[in-house]
Each structure stands twice: as structure tokens, then as C-alpha cells.
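Use these hints to put chain B onto chain C, whose structure you have.
In the order they appear, the protein sequences are chains C and B.
Taking the working numbering, the leading residue of the first sequence gets 21, the next gets one more, and so forth.
Taking the working numbering, the leading residue of the second sequence gets 327, the next gets one more, and so forth.
Honestly, the hints are just simulated from the structure, not real lab data.
All of these numbers come straight from a predicted model, not from anything done at the bench.
One thing to keep in mind: the hints can contain errors.
To be verified - Here are the computed lysine to aspartate or glutamate pairs in the EDC-like style, where the Cα-Cα straight-line distance is at most 16 Å: (1) C:K87 with B:D393; (2) B:K403 with C:E205; (3) B:K403 with C:D197; (4) C:K210 with C:E141.
Stated by the list, open to error - Label pairs and their in silico Cβ distance ranges: (5) B:D466 with C:R79: 26 to 32 Å; (6) B:S436 with C:F187: 51 to 57 Å; (7) C:V98 with B:K391: 17 to 23 Å; (8) C:V98 with B:S436: 36 to 42 Å; (9) B:D355 with C:S170: 35 to 41 Å; (10) B:H390 with C:D80: 29 to 35 Å; (11) C:K210 with B:E415: 50 to 56 Å; (12) B:P456 with C:R79: 41 to 47 Å; (13) C:E192 with B:P365: 54 to 60 Å; (14) C:R163 with B:Y395: 19 to 25 Å.
Each residue gets a CB set at the ideal place from its N, CA and C atoms; glycine is no exception.
Here's the letter readout for the chains.
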Amino acid sequence: MWSIIKRFWHVMRTPSVHYSLGFLTAGGFIAGIIFWGGFNTAMEVANTETFCISCHEMRDNVFAELKSTIHYTNRSGVRATCPDCHVPHEWTNKVARKMAASKEVFGMLVGSINTREKFLEKRLVLAQHEWARFKANDSLECRNCHSEESMDFTRQSKRAAEAHERFLVPGEKTCIDCHKGIAHELPDMKAVAAAQQ
Amino acid sequence: MKYLSISIVAIALLAGTAFAEDKIATLRDAAITETLSPPAMAPAVNTHLKQVRNYPEQPPLIPHKIDGYQVDLNANKCLTCHSRAAVGESQAPMISITHFMDREGQFLASVSPRRFFCNQCHVTQAEARPLIENTFVDIDTLLKQ
Chain C
21 MWSIIKRFWH VMRTPSVHYS LGFLTAGGFI AGIIFWGGFN TAMEVANTET
71 FCISCHEMRD NVFAELKSTI HYTNRSGVRA TCPDCHVPHE WTNKVARKMA
121 ASKEVFGMLV GSINTREKFL EKRLVLAQHE WARFKANDSL ECRNCHSEES
171 MDFTRQSKRA AEAHERFLVP GEKTCIDCHK GIAHELPDMK AVAAAQQ
Chain B
327 MKYLSISIVA IALLAGTAFA EDKIATLRDA AITETLSPPA MAPAVNTHLK
377 QVRNYPEQPP LIPHKIDGYQ VDLNANKCLT CHSRAAVGES QAPMISITHF
427 MDREGQFLAS VSPRRFFCNQ CHVTQAEARP LIENTFVDID TLLKQ
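Okay, chain C solo, but in the shape it has when bound:
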């Protein structure tokens, strides 16, 4: 093992005999672009709703439930797709979320939620991960579409305006504190403290 490393090091240190430095630099540069682009393209493909619901675990459970909510159909025809709510926009966060998602894909391969029953059993844990994420990033994904600054409270229903004025504006609470279950059915909430529902 050690000898292999030493030989590799030796090759890397010796100047190239056949190719010019310019060629090597440009070549490395181009290869970099290709890999980088390929990586990001692969991420973009995995970042579509079509990809999310290509497995039946998502299609038959969370997607089916999303369909009857305001984020799937509404009067204005603007809708939220899975990645809008579940994948951060910023690159480092995105990669971090993707790495976590690889674990979920692995879960799918070994069938950890491949029936409705198994899914419902795991649902509370899955939901709690999402709540914790929204709580930690101050519901960033919601705010990508719903800006607090652009909310005209006078046009909101009285209940909404009061809740938002009292708790959202002072930053005491964030969207997910009050809007759990906005896109899917809720898991068994008995375990979740009443004040946090």
C-alpha cells in the first residue's frame, strides 16, 4: 500500500514529458467544467417533482395528499412542487440535503416504507425531521414564495392577520409553528405537545 502511494506521488511530482503545461491546465479546466456541470445536471434532474414521485412511496402517499391542497390547485394556478418546499436553494444546503436524501433513497431500496402501513408508522419521525429543518431555517422554503414583507394584512382574514401580527412579525414564531400539515396529512399528533401543534 505504502509503495503504491509513493509511486503515485513520484508520478505526480515528475514534470510531464509528452504534454505541455498549457495543454494540461486547459485539459484539467475543461474536465472540471464537465464534471461540475454533470454533477449539477444530475442534481437538477433529481430536483424535479417527476423524480420525487417516480417511486410509489411518494406518489401514493404524500403526493396523493398534496393534490387536494391549495399548493397543488388554486385560483391563481401557481403551485408548489416537492423541491420548492423540501430542497434548499443555496448550493451547500442543497448538497447537504441531497446527501440526507441518499439515505432516503437507500431506505426505498430496502423497502423501509414500501407499504402504506409502514409509511404511516414512520410518518411521525419523517415529519419531525421536516419540522426541525423548517424551524432551524426559519421556514426558509415557505418564505421563498411567501414574503412576510409583501403580506398585506388588511387583505388577510382577521384571524390570519391577528396571528401574523402578534407572532410572525415579532419573530416569535415561524410559519411551520402554526402551519403544520399544510401540504400532507398529519401523523399522530398525540405525541406532539399541544402548544407545538
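Showing chain B alone in chain C's frame:
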């Protein structure tokens, strides 16, 4: 036999005219192969203003919309605002003390299972033309009559 068939025809005719006059279908009044388009749903009244009860025992009406509110074995969206613990934050009216009573009149720690499904008694209202005229008057009006 003759009388019988005549009366059957008469009944059928009567029933037919009754159907034609009365626009409200208690049963599906179209062929089974036909797809009926239901009338448009009126939006729920969303004023947040308490409405007068028609009689003291009437379950209060819901003065806001409740679209998509989940009330099932797992969760009860109504109680996230109307439960005893939640009203401090929500400033919504608390569910009445009767809702903690089981059928023996014993008070439970939280809402009794028989009161869990709010929409069995509490409903939203819509700004819609009544399908049937209603002659109900409340007790005050009745006493004056």
C-alpha cells in the same frame, strides 16, 4: 285489475308532476349513465363575527372557513386553537365544559371522544339562497306573536 292499473298510472303521473315542480332531488334524478354536474359550492362565510344562536342550545356556528382542516384519529385542527391550552395564544373561544363530559357525566382531562368530531355539530355558513322556505322563528318572536 283495471282499477289497479289506472291508479298506478295516476300515481306515476302525480309523482312525475311532483318531480317537475320540485327542483330539489332527494335521490339522483337522472339516468345512472349520466354524469351530473353539482351546483357550484358557495364559499364559507369568513367574517369571524359571532352569529346569533336561534335557540340557546344551538351549537355555535363556525364564523370562518375551515377548508382543509384535518379532524381525524391523528390530529384535530380545530383544537389547535380552541382547546383549553391553546386559547391564550389563539384568543379563540374555548370548547365548552360539556365537551369534557363522558356519557355518565364524568369530567375527563381533555375533550371527550364523543365530542371529538367538531363538524358533527358545528358548521360553517354560506351566503346562499335557501332551497326550501323556512318558517322558523326564535322564541322571542314567538312570544310576541
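Any hints this thing doesn't respect? Which numbers, in order?
Of the numbered hints given earlier, those the structure breaks are 5, 6, 9, 11, 13, listed in rising order.
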